[in-house]
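Residue numbers (full-length UniProt numbering), protein chains in the order written: chain A, 1 to 375; chain B, 1 to 366.
It should be emphasised that the hints constitute simulated quantities derived from the structure, not laboratory data.
Among the clues, some could well be false.
[Claimed, not checked] No more than 27 Å apart at the CA atoms, straight line, and that leaves these computed lysine-lysine pairs for DSS-like:
| id | chain 1 | residue 1 | chain 2 | residue 2 |
| --- | --- | --- | --- | --- |
| 1 | A | Lys-178 | A | Lys-29 |
| 2 | B | Lys-31 | A | Lys-101 |
| 3 | A | Lys-332 | B | Lys-31 |
| 4 | B | Lys-24 | A | Lys-45 |
[To be verified] Rough simulated footprint, nothing fancy, chain A against chain B, three-plus residues with beta-carbon under 8 Å:
| id | segment |
| --- | --- |
| 5 | 122-131 |
| 6 | 149-157 |
| 7 | 202-208 |
Predicted model only: the values in this text are computed from it and were never measured.
Yeah, the Cβ is synthetic: ideal placement off N, Cα and C, and Gly gets one too.
This is what each chain is made of:
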Amino acid sequence: MRFVDEYRDAEKAKRLASQIRELCEPGRKYTFMEVCGGHTHTIYKHGLEDYLPEAVTLVHGPGCPVCVIPMGRVDDAMAIARRPEVIMTSFGDMMRVPGGKGSFLDAKAAGADIRMVYSPLDALKIARTNPDRMVVFMGIGFETTAPSTAMTVLRAAAEGLTNFSVFCNHVTIIPAIKAILDSPDQRLDGFIGPGHVSTVIGCRPYEFIAGTYGKPLVCAGFEPLDILQSIHMLLRQLADGRAEVENQYTRVVPWDGNRRALEVISQVMELRPYFEWRGLGFISRSALRMREAYAAYDAEARFDVPGVRVADPLACQCGEVLKGVLKPWECKVFGTACTPETPIGTCMVSSEGACAAYYNFGRFTRRRLEETSLT
Amino acid sequence: MTAEQTAVAAHPSREEQVLLRIEKARARKPKIREERVTLAHGAGGKATQTLVEAVFVDAFRNPALESLDDGALVDVNGGRMVFTTDSYVVSPLFFPGGDIGDLAVNGTVNDLAVCGARPLYLSAGFILEEGFPIADLRRITASMAAAAARAGVQIVTGDTKVVQRGSGDGCYVTTSGVGVLDRELTLGVLSVRPGDAVIVSGPIGEHGITIMIARGELDIEADLTSDTAAIHELVAALLDAVPVHMLRDATRGGVATVLNEVAQAAGTAIVVEESAVPVRPIVNGACELLGLDPLYVACEGRFVAVVDGSYADTAVEVLRRHPLGEGAAVVGRVEADPAGLVLLKTTFGGTRIVDMLVGDPLPRIC
Ligand code: SF4
Numbered sequence: 001m002r003f004v005d006e007y008r009d010a011e012k013a014k015r016l017a018s019q020i021r022e023l024c025e026p027g028r029k030y031t032f033m034e035v036c037g038g039h040t041h042t043i044y045k046h047g048l049e050d051y052l053p054e055a056v057t058l059v060h061g062p063g064c065p066v067c068v069i070p071m072g073r074v075d076d077a078m079a080i081a082r083r084p085e086v087i088m089t090s091f092g093d094m095m096r097v098p099g100g101k102g103s104f105l106d107a108k109a110a111g112a113d114i115r116m117v118y119s120p121l122d123a124l125k126i127a128r129t130n131p132d133r134m135v136v137f138m139g140i141g142f143e144t145t146a147p148s149t150a151m152t153v154l155r156a157a158a159e160g161l162t163n164f165s166v167f168c169n170h171v172t173i174i175p176a177i178k179a180i181l182d183s184p185d186q187r188l189d190g191f192i193g194p195g196h197v198s199t200v201i202g203c204r205p206y207e208f209i210a211g212t213y214g215k216p217l218v219c220a221g222f223e224p225l226d227i228l229q230s231i232h233m234l235l236r237q238l239a240d241g242r243a244e245v246e247n248q249y250t251r252v253v254p255w256d257g258n259r260r261a262l263e264v265i266s267q268v269m270e271l272r273p274y275f276e277w278r279g280l281g282f283i284s285r286s287a288l289r290m291r292e293a294y295a296a297y298d299a300e301a302r303f304d305v306p307g308v309r310v311a312d313p314l315a316c317q318c319g320e321v322l323k324g325v326l327k328p329w330e331c332k333v334f335g336t337a338c339t340p341e342t343p344i345g346t347c348m349v350s351s352e353g354a355c356a357a358y359y360n361f362g363r364f365t366r367r368r369l370e371e372t373s374l375t
Numbered sequence: 001m002t003a004e005q006t007a008v009a010a011h012p013s014r015e016e017q018v019l020l021r022i023e024k025a026r027a028r029k030p031k032i033r034e035e036r037v038t039l040a041h042g043a044g045g046k047a048t049q050t051l052v053e054a055v056f057v058d059a060f061r062n063p064a065l066e067s068l069d070d071g072a073l074v075d076v077n078g079g080r081m082v083f084t085t086d087s088y089v090v091s092p093l094f095f096p097g098g099d100i101g102d103l104a105v106n107g108t109v110n111d112l113a114v115c116g117a118r119p120l121y122l123s124a125g126f127i128l129e130e131g132f133p134i135a136d137l138r139r140i141t142a143s144m145a146a147a148a149a150r151a152g153v154q155i156v157t158g159d160t161k162v163v164q165r166g167s168g169d170g171c172y173v174t175t176s177g178v179g180v181l182d183r184e185l186t187l188g189v190l191s192v193r194p195g196d197a198v199i200v201s202g203p204i205g206e207h208g209i210t211i212m213i214a215r216g217e218l219d220i221e222a223d224l225t226s227d228t229a230a231i232h233e234l235v236a237a238l239l240d241a242v243p244v245h246m247l248r249d250a251t252r253g254g255v256a257t258v259l260n261e262v263a264q265a266a267g268t269a270i271v272v273e274e275s276a277v278p279v280r281p282i283v284n285g286a287c288e289l290l291g292l293d294p295l296y297v298a299c300e301g302r303f304v305a306v307v308d309g310s311y312a313d314t315a316v317e318v319l320r321r322h323p324l325g326e327g328a329a330v331v332g333r334v335e336a337d338p339a340g341l342v343l344l345k346t347t348f349g350g351t352r353i354v355d356m357l358v359g360d361p362l363p364r365i366c
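Full structure from sequences and hints, please.
Now the structure itself:
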């Protein structure tokens with residue numbers, strides 16, 4: 001794992017940390033949002049905050065695919081999964097997400113045929129070997145995972161498979177960022193841009209963030225040094241009085257994105273007029289659905305779903321956490337009623353959710369730690 | 001208490017208050033909220049712990065059981081015996097480096113060994129699915145016999161049940177074992193104290209990753225074999241050489257789960273150095289790909305030992321002399337504070353918690 005170790009070098013991290021400290025104007029506070037849940041995970045998993053000066057605060061954004069799925073959609077998926085002819089297939093992260101009536105794991109324990117897959121192609125395999133069953137794939141994720149879902153539908157169509165469909169919950173990142181920028185309680189100085197999504201959409205779509213809102217954004221990789229370096233690039237921009245879109249993750253992210261992947265998405269899917277995001281409410285043109293031409297592969301067209309909007313539990317403050325307004329521990333039920341074993345909100349479920357990351361990795365006071373005199 | 005700790009206790013920040021509240025909530029007796037058993041209850045993490053304590057311990061309550069060690073220490077006619085049992089449901093049944101047969105023998109031998117006992121006799125129970133090939137059954141029993149011979153134990157009693165096609169996964173094996181405790185021991189989490197060293201006996205995570213790859217669900221190929229082995233000799237060598245405070249084999253739930261159980265039961269902190277944890281590059285690579293943490297991946301021939309800090313180097317030396325302990329290393333220390341938590345100093349230079357596992361480790365999606 002040389003490739004990885006290169007980006008986890010503690011010596012380089014120390015040097016970057018001191019450069020970061022130098023760039024901070026005395027007395028000024030900086031708040032940056034890492035949009036992507038993958039970044040949140042890296043930050044906590046490697047203890048990256050230990051390198052940041054007090055003046056720099058990271059807040060966690062909406063880029064966690066599982067976190068933004070609203071309760072109503074989970075219930076709809078369960079209604080499909082409970083049909084005797086259906087095999088529901090889903091990524092592992094999704095299994096514990098609570099809907100109004102429990103999670104996939106609960107439904108599975110109660111007899112529904114729900115199987116965990118690593119890719120939509122696995123779901124297709126299941127469809128081939130179970131011709132008498134209806135296989136439904138729970139499509140979730142941003143532009144990162146949408147192309148593989150779309151590819152799978154094309155493959156199913158080419159093979160003439162008639163027992164495969166997708167329950168499409170794919171969302172798009174830009175409207176979510178825009179919603180956050182437009183929300184009145186937002187006090188951000190810049191963004192750490194989502195690396196994986198950007199491999200598909202490129203860096204151009206973020207230009208309005210710098211242009212219209214005057215905030216810098218740096219597309220960042222997922223190793224801890226990538227993130228430190230991106231923070232350094234953001235601070236550099238602020239020190240120079242610039243607000244631009246920059247690409248730290250050039251080893252993976254092409255400026256113009258991946259044309260082929262975007263074409264595949266738009267061949268199979270189109271924007272929904274609006275879609276509900278957990279905690280953020282309805283955001284217009286923020287999610288994808290299957291095109292009319294692929295209705296045969298659209299689970300929403302093939303099965304009756306309740307389609308009922310289910311209000312989030314009263315105690316849940318996921319919306320505030322997803323917008324970066326509250327730190328996970330500031331939610332009233334964090335760690336007591338809402339834990340990874342018994343999640344109330346979605347941010348406690350996925351390893352990329354801010355609440356789960358903080359609970360699993362960051363739940364100790366650093367002051368007490370210093371006392372333990374670590375060498 | 002130091003001046004600073006007193007200051008923290010007197011004026012905790014808002015975040016610290018929340019953290020204190022959480023620790024209190026965690027210390028409460030676990031309650032089962034689910035109405036049905038889910039797969040998480042079998043994953044070895046927090047859900048398993050809850051199920052065991054809220055259902056089984058609650059029903060069977062007795063001192064030998066309540067220590068929740070790998071085996072129970074019982075007095076038989078004045079002699080001290082260790083008694084243990086374990087069921088094996090691995091899929092696939094045959095995998096690189098072993099099969100369900102040697103796994104079942106080694107696992108039970110190891111449970112006895114880490115209690116300090118000399119393994120003597122095993123029982124073997126089989127639940128077979130209608131249609132299961134006799135040839136496969138022979139293969140399994142042959143490797144059980146070979147494993148038993150290697151471990152110097154005899155399989156002296158057994159049982160067979162056949163269930164209808166569809167109600168079992170081919171073959172399940174349950175082994176129970178007894179061993180005799182013929183040494184004086186201070187083993188037990190309560191003897192764990194600040195200053196102790198934490199040792200693992202070899203590279204971790206190899207069994208778990210081998211199984212995941214052997215299932216063929218991941219498009220990965222790797223030259224990796226299960227670490228399944230009987231570790232009783234290695235354990236005996238260690239017990240002969242140094243004062244050992246705690247021993248546990250790191251099976252389901254991995255090293256992280258063992259460390260958490262110890263930290264919680266002993267009321268101490270355990271601080272682990274990530275860079276000191278022995279992990280083969282190939283295991284690390286597979287874990288990176290799957291978004292798993294090798295600390296949580298199962299081993300079948302590795303144990304965690306907590307020894308008096310001043311004997312740490314001797315302990316590692318003794319272990320490394322044995323082929324099964326070649327990769328042994330000191331991975332961390334027991335500290336007083338923060339009690340009940342396992343902290344990891346990451347290779348990157350930061351610090352984080354290593355918590356109990358919540359469910360099965362689910363590979364992340366992107
Ligand atoms: S603690 Fe639970 S309810 Fe509160 S924001 Fe986090 S996930 Fe949502």
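These are the hints, each one checked on the structure:
Proposed proximity of A/Lys-178 and A/Lys-29 is supported: the alpha carbons are some 23 Å apart, at most 27 Å. Note on B/Lys-31 and A/Lys-101: the hinted pairing holds, with a Cα-Cα distance of about 20 Å set against a maximum of 27 Å. For the hint pairing A/Lys-332 with B/Lys-31, the CA-to-CA distance comes to about 21 Å; that is within 27 Å, so the pair holds. Using a Cα cut-off of 27 Å, the hinted pair B/Lys-24 and A/Lys-45 holds, with the two alpha carbons roughly 24 Å apart.
Proximity of the segment 122-131 of chain B to chain A, defined as three or more residues with a beta carbon under 8 Å from a beta carbon of that chain, is not established by the 0 residues found. Under the rule that three or more residues need a Cβ within less than 8 Å of chain A, the assignment of the segment 149-157 of chain B is violated, with 0 such residues. Residues of the segment 202-208 of chain B lying with their CB closer than 8 Å to a CB of chain A number 0, which falls below the three-residue condition for coverage.
When each numbered hint is compared with the structure, violations occur for hints 5, 6 and 7.
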